[in-house]
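Enquirer: Chains as they are written, first to last, in UniProt numbering: chain W, 1 to 382; chain V, 1 to 196.
Don't take every hint at face value.
Straight-line distance between alpha carbons at most 16 Å, and here's what the computed EDC-like set of lysine to aspartate or glutamate pairs gives [what the hints assert, rightly or not]:
id: 1; chain 1: W; residue 1: K359; chain 2: W; residue 2: D5
id: 2; chain 1: W; residue 1: K286; chain 2: W; residue 2: E53
id: 3; chain 1: W; residue 1: K123; chain 2: V; residue 2: D106
id: 4; chain 1: W; residue 1: K286; chain 2: W; residue 2: D214
id: 5; chain 1: W; residue 1: K123; chain 2: V; residue 2: E142
id: 6; chain 1: V; residue 1: K77; chain 2: V; residue 2: D114
Hints are computed from structural coordinates only; laboratory data are not their basis.
Since this is a predicted model, take the numbers as computed values, not measurements.
Here is how the chains run, residue by residue.
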Amino acid sequence: MRFSDAARPELGDPAARRGRRRAAAEARGRRADAVGGFPGWEALREAGAAIRERTLRELGTHLETLEAAVEEEGGHVHWARDAAEARRIIDSLLPDDVPAALVRSDVTDEIGLDGAEPGPHSKAAVVGAGFLVAETGTLVVAERGDGLSFPGTLVAVAGIEDVVPGWTDLEVLLQLVSRAGAGVPMRPAISTRTGDFALVLLDNGRTTVLADPDGRAALRCVHCSACSDVCPVFQRTGPRPYGPGRAGPIGAVLTPQVRGVEAPLGASLPFASTLCGACADVCPVKIDIPAMLVHLRGRVVDARRGRPVPPPEMLLMRGLAWSMGDERRYEHTLVRRARWARLLARDGRIRRLPGLFGKWTDARDLPAPPRQSFRAWWRRRR
Amino acid sequence: MTAREEILGRVRGAFPGGDGGGVTVPRGYRRRAPVPRGDVIALFGERLADRRAAVRHVALDELAVAMAAMLWAREAKRVAVPADLPRAWLPGLDGVRPLTDDPPLDPAALAEADGVVTGCALAIAETGTVVLDGGRAQGRRELTLVPRHHLCVVHADQIVHTVPEAVGRLDPYLPLSWISGPSAGRTLEILVVEDW
Ligand code: SF4
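The whole structure should be built from the sequences, with the hints applied where relevant.
Expert: Structure representation (structure tokens):
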């Protein structure tokens, strides 16, 4: 479904919108406190961006180092091409006779896992990893507010990009996710474990993103959610219209890259933004989300150009190019269109344009054009 | 082709000229700062207060009395303690029964504890964090996860200023729990022992 169609019911629920607006404002306030007075925040962001960029550029090496380190400490590493394969592997790793608890993360949501939170009696758990340290084979879980005891059988799930090269890198990344995302100096509970767990590394489209030089920086993401908290679009629509993948600005750049820009969701998400740039300003690893959206808009247009029947806005743009390509043609068109438009206007505003143009006025009014164009007025003045 | 070969092949294929490499990480952020010890300890207290964790500073010979008062205030009667908790910390308190984790308390016994008393591996002033690594006076990880009240004893010289100082001191091969303030299911109280 197109983003704008999926957003319509959400926009029609003012109570939910108010709730989201209040929550986002609080989150922004907390974040401003957590980074505002912190000395060297920008230097920390620079380091974080470089650590994540380096990780991606040397990903093959770090994944192999991680695999060796985990196995050295008595763990085992499994690789999953897609969500279904990941679910199959996880099933085969869990004991049949006891229910497995789940510590959720973006990745466990991505592959569609659900289950109860772990308790003191849990004998098996599936855990969405925060980070994996390649050098030491350490699993880091920062999401769970109450901490984690890692009972019995432990299966960790992570995207291939969730690896970080060295132990020292945590001193940067833990501070960045905590301050930028939750707006606290440190997440309430962070648990680490080295060795003695099974690890499932998931691709599920990530290598496709990695192969695009203009898009791969999206994989730097450390899942802090700061970009969603500051996004004016997300604040109004909530997470649902972004579809099954990640929500918010980072979802708007990842989903079209992973699922392609041909289907309605992928083709509309790059336009689900005003390009205001707030997300890039807060992102702790400096992902330039607006630039990526522009790049993806270009890909959407290119994909459409290849279609046998050109879409209406392309015909319109071709028509415009024809009339604007010549001064006389342009002036003539202007006068004629302005006369038509004034006929449609009531009290100086056009509420509804006819035909295909009607979509544009679904969400806004159009001011009626003035009687005289600027060019005509300028000619007369001279 | 196995999934491993296929995924690693595609990862390598994303950079046709070999590993993209060549990114150096600028480490210009603050790793330590020249701050007097007293200020570091005071900062730790402030950060804990920000996170709604109760904190009290005591001298060593006041520790047992202060701990008694804090446990009493929480009405914590059965208190889980690691096997190697120093004897002097928990004096014979009226109405407080220590449940020593030796032999290990089973989940049911642990669930019945009103609180837990531990030490820590180190504490971070700037973030108001205590880090436990299962070492001396800390016990196993489950001990601090189940009871709804955690009283943690921190010696002043265990407090470091910044996160990088802490990461540099911690052993990645130990099971670490970083606890920063209370969480939904658990309160946190800190006793800072000033002279050790
Ligand atoms: S992209 Fe968004 S969620 Fe990811 S690190 Fe940047 S701000 Fe956080």
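Enquirer: Evaluate each hint against the coordinates.
Expert: Checked hints:
1. W/K359 <-> W/D5: Answer holds: W/K359 to W/D5 is near 12 Å, not above 16 Å.
2. W/K286 <-> W/E53: With a Cα-Cα distance of about 10 Å, the restraint between W/K286 and W/E53 holds, given a limit of 16 Å.
3. W/K123 <-> V/D106: Distance of about 13 Å is within 16 Å: holds.
4. W/K286 <-> W/D214: Given pair W/K286, W/D214 holds - Cα atoms ~14 Å apart, limit 16 Å.
5. W/K123 <-> V/E142: Since the Cα atoms of W/K123 and V/E142 sit roughly 13 Å apart, the hinted pair holds (cutoff 16 Å).
6. V/K77 <-> V/D114: 6 Å, holds
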